[in-house]
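Participant: Spelled out from the first residue to the last, the chains are:
There are 2 protein chains.
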Amino acid sequence: MSDPGEFARILAENERYTESFDRSALTAAPLAGLAIVACMDARLDVGEALGMRIGDAHVIRNAGGIATDDVIRSLIVSEHLLGTDQIILIGHTGCGLLGADEMAIRAQLAASTGVDLDIPLLSFDDLEASIRASVERLRKHPWLKVDKIHGLVFDVATGRLHQVT
Amino acid sequence: MSDPGEFARILAENERYTESFDRSALTAAPLAGLAIVACMDARLDVGEALGMRIGDAHVIRNAGGIATDDVIRSLIVSEHLLGTDQIILIGHTGCGLLGADEMAIRAQLAASTGVDLDIPLLSFDDLEASIRASVERLRKHPWLKVDKIHGLVFDVATGRLHQVT
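Residue numbers (the working numbering), protein chains in the order written: chain A, 1 to 165; chain B, 1 to 165.
The following block holds chain A by itself, in its conformation from the complex:
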């Protein structure tokens, strides 16, 4: 549950942030030529976990860290407009979509909102298989020419990345 003053606090934190901000020399093209695709999970700080600094990498995140159409759109922009040539895709242990009973959740949403929608939540039953499938989709996409694509698991208990593919 968010605090009622949370938004005001964020604006105040940002005001403080601007006082030491000095990245005006950076351009839109990531310095490390890297695009990272990861789950939205709050426990994963992509920059810290991968030793990235500001300006190094595009960061694309969604529920599950899954290579959806929108992730592919973003990667096309990343590679062809902004010159990235390496992709790292990251799933993680303890993901809310792992083993979720998707049909039950959707039925409950339809009942509680009174609106029945066909929105797949993309739950999955095998974390490493999900990562492999996403990486495979990226490797095969005709508009993604980048040949360095890795898939990793982030362990939320230890912070460790484990290479899957």
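Since the hints were made in silico from the structure, they are not lab data. Among these hints, one or two may not hold up.
Claimed, not checked - If you want the footprint, here are the derived chain B segments under chain A, 3+ residues with CB under 8 Å:
#	segment
1	31-44
2	72-79
3	91-97
4	124-130
5	135-148
6	156-163
We put the beta carbon where it would ideally sit given N, CA and C, even for glycine.
On the provided structure of chain A, position chain B as indicated by the hints.
Facilitator: Same frame as chain A, now just chain B:
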């Protein structure tokens, strides 16, 4: 352009990261009840710019910070599976999609790859209008019940957030 040793360096950086990692008490539910939607831009460190700490917020990012179907899927998971009740959506100055000649880019991709695909890149001509349209889409979505939704611009030259809606 990424360095050939970049991936090995990342794994080494992560090994060092695990040595001081101690977030094993955190769960999947974000502590601040917050979901952040932002552009993938490398110059935007969402955590730093908003004064967020690890575990505070879901972070959903794509090219443009646009409320696509996949962002809505992620926000449904965020709200209904993991209890967030506030959304902050962030676009930024100097976005690669701002004013991009989308049809020319797609024609060039079709020519260089030999495969013609209908993949809208979602370029836009007015940053604030784009943010307002995205926020409006979220506010109207029947499966998103969260009533606190703000739209902000991040200035890549100063680090400052500016509220649009």
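Participant: Hint by hint, work out which the structure violates, then give me just those numbers in ascending order.
Facilitator: 4
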